[in-house]
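J.: Here is how the chains run, residue by residue.
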Amino acid sequence: MISRFNLTKWMLVLALGVMTLAPVMADDYKAGYEELIESQGEYAYAFDFFTVSMLWTVIAAAMVFIMHLGFATLEAGLTQKKNTVNILFKNVWIISIGLLTYAAFGFNTHYPCGDWIIPNIFGIAGGQPWIGDLNAGGGDNFGYGGVGLCMTAYGDFIFQAMFAATAATIVSGAVAERIKLGSFMLFSLILVAFGYTIAGSWHWGEGFLNQLGGGEAAFYDFAGSTVVHGFGGAAALACVILLGARKGKYTKDGIRPILPHSLPLAAVGVFLLFFGWFGFNGGSVLSAAPGPLGLVFTTTALAAAAGGVTSIFTSMIVLRKPDLSMALNGLLAGLVSITAGADAVGVWSAVIMGGIGGILVVFSILFFDKIKIDDPVGAISVHGVVGIWGTIAVAIFGGANFVSQVIGVVAVYAFAFIFSFIVFFIIKLIMGVRVSEEEEVEGLDVAEHGVPAYGLD
Amino acid sequence: MISRFNLTKWMLVLALGVMTLAPVMADDYKAGYEELIESQGEYAYAFDFFTVSMLWTVIAAAMVFIMHLGFATLEAGLTQKKNTVNILFKNVWIISIGLLTYAAFGFNTHYPCGDWIIPNIFGIAGGQPWIGDLNAGGGDNFGYGGVGLCMTAYGDFIFQAMFAATAATIVSGAVAERIKLGSFMLFSLILVAFGYTIAGSWHWGEGFLNQLGGGEAAFYDFAGSTVVHGFGGAAALACVILLGARKGKYTKDGIRPILPHSLPLAAVGVFLLFFGWFGFNGGSVLSAAPGPLGLVFTTTALAAAAGGVTSIFTSMIVLRKPDLSMALNGLLAGLVSITAGADAVGVWSAVIMGGIGGILVVFSILFFDKIKIDDPVGAISVHGVVGIWGTIAVAIFGGANFVSQVIGVVAVYAFAFIFSFIVFFIIKLIMGVRVSEEEEVEGLDVAEHGVPAYGLD
Amino acid sequence: MISRFNLTKWMLVLALGVMTLAPVMADDYKAGYEELIESQGEYAYAFDFFTVSMLWTVIAAAMVFIMHLGFATLEAGLTQKKNTVNILFKNVWIISIGLLTYAAFGFNTHYPCGDWIIPNIFGIAGGQPWIGDLNAGGGDNFGYGGVGLCMTAYGDFIFQAMFAATAATIVSGAVAERIKLGSFMLFSLILVAFGYTIAGSWHWGEGFLNQLGGGEAAFYDFAGSTVVHGFGGAAALACVILLGARKGKYTKDGIRPILPHSLPLAAVGVFLLFFGWFGFNGGSVLSAAPGPLGLVFTTTALAAAAGGVTSIFTSMIVLRKPDLSMALNGLLAGLVSITAGADAVGVWSAVIMGGIGGILVVFSILFFDKIKIDDPVGAISVHGVVGIWGTIAVAIFGGANFVSQVIGVVAVYAFAFIFSFIVFFIIKLIMGVRVSEEEEVEGLDVAEHGVPAYGLD
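Residue numbers (the working numbering), protein chains in the order written: chain S, 324 to 780; chain G, 324 to 780; chain X, 324 to 780.
This is chain S alone, in the form it adopts within the complex (with noise of 0.2 Å):
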C-alpha cells in the first residue's frame, strides 16, 4: 500500500505515465484503432466499460468454478476415509455434465425469457436447443443484452454454468457414503439439467417471481439464497429422505457421531468456497460498476465473518467445545445469509444477517440429526434452512415485498422437493438408490471404484 492521499507520490506515477504513454503509438495500430472509435460513435464510451465488465465476468466465472473444488474438498473431508474417492468422483461427473447439459439445453431453459410456461428443452416453444446458436446469432455480441448485461452471449453461459452444477454438489454431500453412483449420476444430471433450470427461469429468466405485483413486488434474490442454495438443499432433503441414514448412525443407544475424516481437508474447501464466493456474489452484479461492486464484497465478508463468530460461540454455548465444523458451516451459513440481499443491505444489516445464520446454523444442524435426517456435511441446514433465513432477510433489511419473498422461498423449495422426490423415487423403483450393507460397511471407494484414496507407503 502506498500512502494514502500522497498527492506527490500520485503526481509521479501520473507523469510516469504520461511520458510512457507519450512517444509510442505505432503507425499500423493508429489506422486499425481509429476505425474502431469511428464505428462507435457515441458509444466509444461504453466500449471500455462493457470490457472490463466482461472481464470481471469470466475471471468470477472462474472463481465460480473453484467453488465445485471447495465442495469436493468439503465433502471429503467431513466423512469417512473409505468414501473419499467415490466423493471426488462424483464432482468429477457433477462439474462435467452440468457444463455441457447447460450448453445442450440449460441456458435456454432458464432464459426463456417471457417463453417460461414451457420451457424450451430441445428447442420447444421456438427457443434454441443449443449454446452453440449463440454463435450464429452473435456469442461475441456487443450488445447481446444491451449495456445493462454487461458480457457477450458467451460471457452470460459461462459465469451461468459454473453455477448450474451448484446444485447437485450439494444433494452430493448430503447423500454422501451410501449412494450408489449410477443413480446419483442419472439423478444429478436431471436436477441440473432440468430442475434447476427451471425453477432459475421463474426468477432469472423472466418468470412469474419475476412479475410479482405486475414487477413492482418482484422476488428479491441477488444471487441466489433460494434459487441456488435453496433449491440444493430442498433438493437434498427428498433425496435423503428416500435414501435413509448412514448404517450404525441412530442406533437404539442414540445417536452415534460418524467422525470426519480429514477436518484440513473439510477447512480448504470452506476457504475456497469463501474466496470462489466473491465471484459468485461480485459476479451477479452482471458488470464492474464499482458502487454495487464495493459493497457487494464488503457485505459478503462481512456476513461469513459474523457467521464464523456467532457459531463459534453457540457452539461453545450448545456443544460446550469449539467445534471446528460448526464453525466452518457457521462460515459457510454468514454466506448463504447474504446472497439474496448482498447487493442491497448496509454493512450492519450483513453483519445481523450473517450472525443470525451463523447460529441458526448449529440448531439446524442438531434438530435434523434428532429427527434422524442423516446429512454428513450438514447441506440441509446450511443451504436450505439457512437460504430461507437469506431471502427473508432482504424483505427486513433490505426493503424486499415480505410476502413476494415468501412465495418466492415456497415455490422454489416445493419445486426442488417434489421434482427431486419424485425423480429420485422412478430411479429408486427402476434402478435401486442405495449399496447394499457389505459395500457400505466396505466404502465406495474399494466396493465401486476399486482403489482406496489413500495408499499406505
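Quick caveat, the hints were computed from the structure, so don't treat them as lab data. One should not assume that every hint holds.
Which copy is meant is left open, so a pair is good if it fits within one copy or across any two.
Below, in silico cross-link-like pairs of lysine to aspartate or glutamate (EDC-like), each with a Cα-Cα straight-line distance of 16 Å or less [what the hints assert, rightly or not]:
id, residue 1, residue 2
1, K644, E762
2, K644, E771
3, K693, D576
4, K693, E762
5, K575, E761
6, K572, E760
7, K695, E762
8, K693, E763
9, K572, E763
10, K570, E762
11, K572, E539
12, K575, E762
Please arrange chains G and X on chain S, whose structure you already have, making use of the hints.
T.: Structure of chains G and X alone, referenced to chain S:
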C-alpha cells in the same frame, strides 16, 4: 498466446470487434449512457480507469483473503497432527474477528489522517467509529480519495481489512501447539483491532513515519515488509518469550526436532501465499496503472524465486540436505524481502533482495532454535527478521532514506513487541496462556476441541 | 444475479453511478488527469483498453502460477507416500529456476523476433541477454508491442515466464519416484532455459513455423498444445526411456499397479489446473477483447467437461470400473485438446475435441503401460499424445492448414525428444540419473531429504 507483433491477426480481431460493436446499441441503453457521459463532462475518461482500478482492488482483496488459507495450511502442515484442529480453528477465528473489528473501528484507527496521535477508536477524537458511516458519507463514492486512490470507500475497506488479520496469523504460527485457545482468541482480537491499526496509522494513516523530514524523507514501505510482516514477527517474538518452548523441544541432550505432520499441506500453503502475494503487492499499487502493476508482479515473482533458490543451496551447504521446509520458507522470505520495495526497484535488485532473504531465513531459523526461542513454523524469522532486511533494502536498492527506514523499523518493531508483551503478559496473569502439560501431550485437538483432525476409517 | 434485461434496475444503478460520479473531482487530480489526456491526444481511448488488458495479463499470470501448485499436488497425489517430499521439492525448484532463467535469457531466446536461427542467448546475435534491459528500454512502456500486444514488457515477461517452467513440470511427473535429485535439477534448468525457449521461438518468436507458406499457412497453436504440452510430453518420453521403470512395476507376472498415495491431493491438483487453465488459455488472447475472451473461456470449459465425461465412460467400459485417476486425466486431456484451438473453434467442435481427447488418454495410458514405459502420472499421454490431437484438431475444426500443423508437431516433438535425450544422456554418463535400489525402496524422502512427508503424531 497468439503470435506477438502479428499485425494481420490483430487487425482481424479488431475488424471482428468493429463488426460486432457497431450495430447493437439498444435505445434504452443509449439514453442512460449519454446521461452518464454528460454528467462526467471532461472527466469521462477517468471513469473507466477508476472502474478498472476498483475491479483490481476487489480481486486483489480476494487474493489476499486466500493468503489466510495459505497461512492456515502452512501452519497446520508444519506442526504435529494432534494440534491440527486447533490451528484451523484459530484461523477461522482470526479472519472472522479481523474483518469485524476492522469494520467496527480498525479502519478509522488505521486511517485517522491527521488525528493519529489519539487514534479515534470508538469515535474518540472526532472520528467515525464504524465503517457503516461510510455508507452515509458515500461508501460507493467515486471521489472518495481522489483518483490517487482509485477505489470506492468499500473497496478501500475490504482490501485493507483482508490485510488486517495477517499480523495475528503470523503470531498464530509461532505460538502453535501449546497456547490456550481462549487466551489466543482474546490476544489476537486486541492485536488486530488496536495494535496493528495504530502502528499502521503511523505510516499509511498519514502518521509521523509518513512525515519524516517534512515528508521529503518519508519512511518507505510499499506493501508492508515492516508494517505488516515485521509487526507480526515482533509480536510473535514477544508472545513466544512469555509462552516458552514446546515440551520436549529443548532437552539436556540438545534440540529434539518435532517433525511436521504434513509437508504437502505446508507446500499447498506456501504456493497459495505466493499466489495471494500478487494481490498483496499488486493491489498495493492502489490502481490498475499498467506500469507499476507489471513491475510489481515481476519483482515479486523474481524475488520469491531467488529466495527459493538461495535457501535451497544454503540448506544444502549448512544442513547437508535439500530441506523442503527451508525451501518453502525461502520462497516466503523472498516475498517478504520485496514487499517494502516492490514498486521501487528493478529486476536485478529484486533478485538480489530476494536471494539475500532466502539465505538470511535459514540462518535466522537456526539461530532462534539455538537460543531456544521455539517457533514451530519459523514465523519470527520469515516475517520479523526478513522484514527488517526488506525494509532496509529499499534504502540500498530503491533510493529510500536510510535513516527513515531504520526509524520506521525500530518504531514499529518496538511498538509491536512492547504492545504484545504487555497485553499477553496481562492475559497470562489473569487467565494463563499455556495449556496444561497433559493437554500438550495429548494434543490440543482432542483436549480442547474434542475431535481428532484425521479419522481412522 | 440480478434479473437479466431488467431495465429499471439497470437505470437505477446508472443513476446511482451518475450521482456519485458528478460532484467529486478534486482539483489536484483534475490537473494531472488533463495532462494525461492531452499527452495521449487522439489515442486517449486506447489507454483504458490497454489498462484493462494489462490487468488481465497479470491476473492470468497469477492463475498460470497456481497451475504449478496443481502440477505439484497432482504428481504428489498420484505417487507413493515415501516420495512426496522429493516431488514437492522438485516443484519449488522448477518454478524458482524457471522464473530466474527466463529473466536471465529465456525471454530473449524465446522472442528473438527475426534472429531465431542463432538464438540470442547471453546476447549472441545482438540480443539483450537480461530482462533487466527492458527497464532501460521501457519495461513499462505503453507502446512496447503496439496495441496488438496490450501489455507492458513486464506484463509480457511475467505471463510468459509462468508458462516457461511448465515443460519441466510435465517431465517431473513422468520421472517421479526414481530420479536423482541433482540430475533432475540440472536437467530441468537446461530444459526450461534453452530447450523450451528455442522451440517456442519457432512459433511465437516469429520463427519458421510462423512463416510457413509465407505466413499464409502459419502453424496454428493458440496457447500451446504442441509448443508447451507436446514439448513437455516428448521430453518426458526421452527421459523415461533413459531412466527405466520403477522397480517392481513390470514383473514376470505382469504389471503390478503402484497405487497413488493420496487421491484427494491429486483431485485438488486437477481442479487447480482446470482453474489455472482459464488464465493459460484466456491470457493467451493477449488482451481483454471481450469477444475472444468469452469464446476461449467457453470452449476451454466445455472441452474439459467433455474429456471428463468420455474418460469416465471409456474407463467404465475398458477397465470395468469408474476410475477416478482416469476421470481426472480426462479433464486434463480435454484441456490439452482445446489449447491449440481455443479461439478458433465453436462450442460443438470444442465438445468433440475434448471428448476425443478424453477417450484417447485412457487408451494411451494403457498403451504406454503395456510397452513398459513407466509414467507414474500419465504425463506422456495427457500432454504428449493428446497434445498431438489438439494440434491436428485445429486443422479439422478450426481451419488451420493440415500440413503446417503436422510440420509443427513433428518439428517440436522431434526437437524436444532429441534435445532431452542428448542432455539427459550426457547427465547420465557424467553423474547418473537414477537413485540406488536401496534408496528407491526406502523412498526418496528419507533417503535424499532426511524427512518423511507425513509425521506420525
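J.: Now look at each hint and say whether the structure bears it out.
T.: Comparing the hints with the structure gives:
Proximity of K644 and E762 under a CA criterion of 16 Å is satisfied inter-copy only: 15 Å between copies versus 34 Å inside one chain copy. With identical chains, the CA atoms of K644 and E771 are at most 16 Å apart between copies only, with a shortest distance of 7 Å across copies and 37 Å within one. When the C-alpha separation of K693 and D576 is checked against a cutoff of 16 Å, the pair qualifies only within one copy, where the shortest distance is 13 Å, while the shortest distance between copies is 54 Å. Taking the closest pair of Cα atoms, K693 and E762 never come within 16 Å of each other, the shortest separation being 26 Å inside a single copy and 31 Å across copies.
With identical chains, the CA atoms of K575 and E761 are never at most 16 Å apart, being 21 Å at best within one copy and 34 Å at best between copies. For a Cα distance limit of 16 Å, the shortest separation of K572 from E760 inside one copy, 13 Å, qualifies, whereas the shortest one across copies, 35 Å, does not. Taking the closest pair of Cα atoms, K695 and E762 never come within 16 Å of each other, the shortest separation being 22 Å inside a single copy and 34 Å across copies. Neither within a single protomer nor between protomers do K693 and E763 lie at most 16 Å apart by alpha-carbon distance, with minima of 22 Å and 34 Å respectively.
In this assembly of identical chains, the alpha carbons of K572 and E763 lie at most 16 Å apart only when taken from the same copy (12 Å versus 31 Å across copies). Taking the closest pair of Cα atoms, K570 and E762 come within 16 Å of each other only inside a single copy of the chain (11 Å); across copies the shortest separation is 33 Å, beyond that limit. Taking the closest pair of Cα atoms, K572 and E539 never come within 16 Å of each other, the shortest separation being 48 Å inside a single copy and 68 Å across copies. Taking the shortest Cα distances, K575 and E762 never come within 16 Å of each other, neither inside one copy (23 Å) nor across copies (33 Å).
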